[in-house]
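J.: The residues making up each chain are set out below.
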Amino acid sequence: MNEVKNGATMTTESAPQKPVSRPPIRHFQIPLTLGGKLYVWRFLIARRLVQIGVLILFIGTAHWGWTLFNQPVLSGDLSSSRFLGVIPLSDPFAVLQIIASRHMPIFDAFLGAAIVFLFYLLLGGRVFCSWLCPVNMVTDLANWLREKVGVRSLFIVPAKTRYWGLLLALILSFILGVAAFEWISPIAVMHRELIFGMGIGLIAVLGIFIFDLLIMAHGWCGHLCPLGAFWSIVGRVGQVRVAFDDAACSRCGDCVKVCPEPLVLNFKEAARHGMIRFGECTNCGKCVSICPEQCLSFNLRACIRKGAEPSQTTHNSSS
Amino acid sequence: MEQTNRRQFLIRTAQMTGAAACIGIVWTVLIQNQAQVAAHALRPPGALSESDFMAQCLKCGQCVNACPYDTLKLSTIADVAPIGTPYFIAREIPCEMCADVPCVPVCPSGALDRNFTDITKARMGLAVIDEEMCLSWRGLRCEVCYRVCPVRDKAISLTIVQRETSRHAVFEPVIHSEHCTGCGKCEKACPTEEAAVRVLWPQFVQGKLGEHYSPTQGDNFKVQDIGKNTNIAKELKPGSKEQAAPGMNYFNQSGGREGEIPGGKP
Chain B
1 MNEVKNGATM TTESAPQKPV SRPPIRHFQI PLTLGGKLYV WRFLIARRLV QIGVLILFIG
61 TAHWGWTLFN QPVLSGDLSS SRFLGVIPLS DPFAVLQIIA SRHMPIFDAF LGAAIVFLFY
121 LLLGGRVFCS WLCPVNMVTD LANWLREKVG VRSLFIVPAK TRYWGLLLAL ILSFILGVAA
181 FEWISPIAVM HRELIFGMGI GLIAVLGIFI FDLLIMAHGW CGHLCPLGAF WSIVGRVGQV
241 RVAFDDAACS RCGDCVKVCP EPLVLNFKEA ARHGMIRFGE CTNCGKCVSI CPEQCLSFNL
301 RACIRKGAEP SQTTHNSSS
Chain A
1001 MEQTNRRQFL IRTAQMTGAA ACIGIVWTVL IQNQAQVAAH ALRPPGALSE SDFMAQCLKC
1061 GQCVNACPYD TLKLSTIADV APIGTPYFIA REIPCEMCAD VPCVPVCPSG ALDRNFTDIT
1121 KARMGLAVID EEMCLSWRGL RCEVCYRVCP VRDKAISLTI VQRETSRHAV FEPVIHSEHC
1181 TGCGKCEKAC PTEEAAVRVL WPQFVQGKLG EHYSPTQGDN FKVQDIGKNT NIAKELKPGS
1241 KEQAAPGMNY FNQSGGREGE IPGGKP
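As you go down the protein sequences, you meet chains B and A in turn.
For the first sequence, the residue numbers in the numbering used here are 1 to 319.
For the second sequence, the residue numbers in the numbering used here are 1001 to 1266.
Keep in mind that the hints were calculated from the coordinates and are not lab data.
Hints are not guaranteed to be accurate.
As the list claims (entries may be wrong) - Where chain A lies over chain B, by a calculated footprint (3+ residues, C-beta under 8 Å):
1) 72 to 83
2) 239 to 245
Said to hold, decoys possible - Computed footprint of chain A on chain B, listed as stretches where at least three residues anywhere in the stretch have a Cβ under 8 Å from a Cβ of chain A:
3) 87 to 94
4) 106 to 116
5) 187 to 195
6) 199 to 208
In this text, a Cβ means the ideal position worked out from N, Cα and C, and glycines have one as well.
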């Protein structure tokens, strides 16, 4: 391949100060070898392993009585659980709703919520959404099929709608005296149905699938889910971020196409901070694995140079 | 210009609020439809009052996992209890009343009260007997409910009713709400095609006396002084000059209709 050094080719958009020279646009192409494919899909595979693995731990504990050190391995579901019989884990958003509904859970719930909250706070982004939430598998499937078939959205609402959903959930919790989102959450429904094996509630999951496939692209996870909104707010300050090497970027736009949260890949913002800073980023790694110039990578926030100047050093790596 | 901007802003705000309100209404209806529990869908022991329970339950199913007899189930969308909350149906699998109550301490939210340790204090439901269909009440020697009751002779007792010499006595099972835990073993064991003894939510089957009745001894009730400012209290006070409304004491004063002479002929 022709490797063109920085400065040799086209300047795309005029940056505020000086025109930046960019590498030529090469679009992403899926490798032909299986190994190459697996490497591209590495984050997808890891996410599915985590999602399904956690689910199997829950199911094994509930149905087959899995124990470790004579304690149930992971009892409960994503709303609340207990790891090895000692470590409580609770969904902080669920606990927040219970408080909003004018009720006071006991200390265990708070401790569990605090553990989960701090975990994701440090990790950053909506790691829960793309690495644990079972609905993510459904919406990813819907999205894949939608692109395959070429369905255009019937209508679209602003991606900020989810924050109104979050606010509405808290207000309704207060008015009705019950945790409002927990009572209709398709996430909780899907998880419960899978673990406690009942089946009928999976209709809600089918509803989400149809909605994302035929009505609104990335409709549930990307626009409406109040839990996603909650983790977006929490994920703002976390440590694990997608780092962005502006100088190496050819602005081919492949990452934007593949991103389930298109608004987070704002090149101007990303270039200024050297990373994707938006809390809505789910750290799914789709963009990282398809970037033809490999200018996107996971890194710790502390290791990413702030206001990264276009680096003149190494961006010409290719596989 | 400024006027139109403000107007646009107000309209926009109204639209957004309206959209939120519409969604809020649908959302509320969804919750209200769910927030109903059937009289025979019993809660685990130690559950808070139903409104507190529904609010506080995290729907995690840890109590379901802890139950050694698969009694507890998590409710699904179409079930008889609110979505995701634990319940059991006595006729299917009753509560075995484990002495260590394993379902309660695992509850992470306190919807099942951690201070609850004595299973005999549980009030999951209350058994009621259909005396018309009960085999024992009909004169057969059944008494299965009595035999299976974990708090026998307290929650359920047999009243022996003698009949004429040629027929044996009737052994009537009688439930005592003071001790019935609502475990449902009687309903599970009842041999009739549809159980003649049912365990239901206490508030569906239990009456309640007015505040002014105080059950003193046995079947004697006393009318209490329920307060100085009510008409009844005035009426009961001897020598009250104030005109009291006809109430409790109505029948003691002969006559009450106008034109009738107290103690006189009609």
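J.: Take the hints in turn and mark each one as holding or not.
T.: Going through the hints against the structure:
1. 72 to 83: Held - the region 72 to 83 of chain B has 8 residues with a Cβ nearer than 8 Å to chain A, which meets the minimum of three.
2. 239 to 245: Our answer is that it is violated, as 0 residues pass the Cβ test (under 8 Å) against chain A, missing three.
3. 87 to 94: Satisfied; 4 residues make the cut.
4. 106 to 116: holds (count 4)
5. 187 to 195: Coverage by chain A holds for the region 187 to 195 of chain B (5 residues, Cβ < 8 Å).
6. 199 to 208: holds (count 5)
In the structure shown, a violation is registered for the earlier hint numbered 2 alone.
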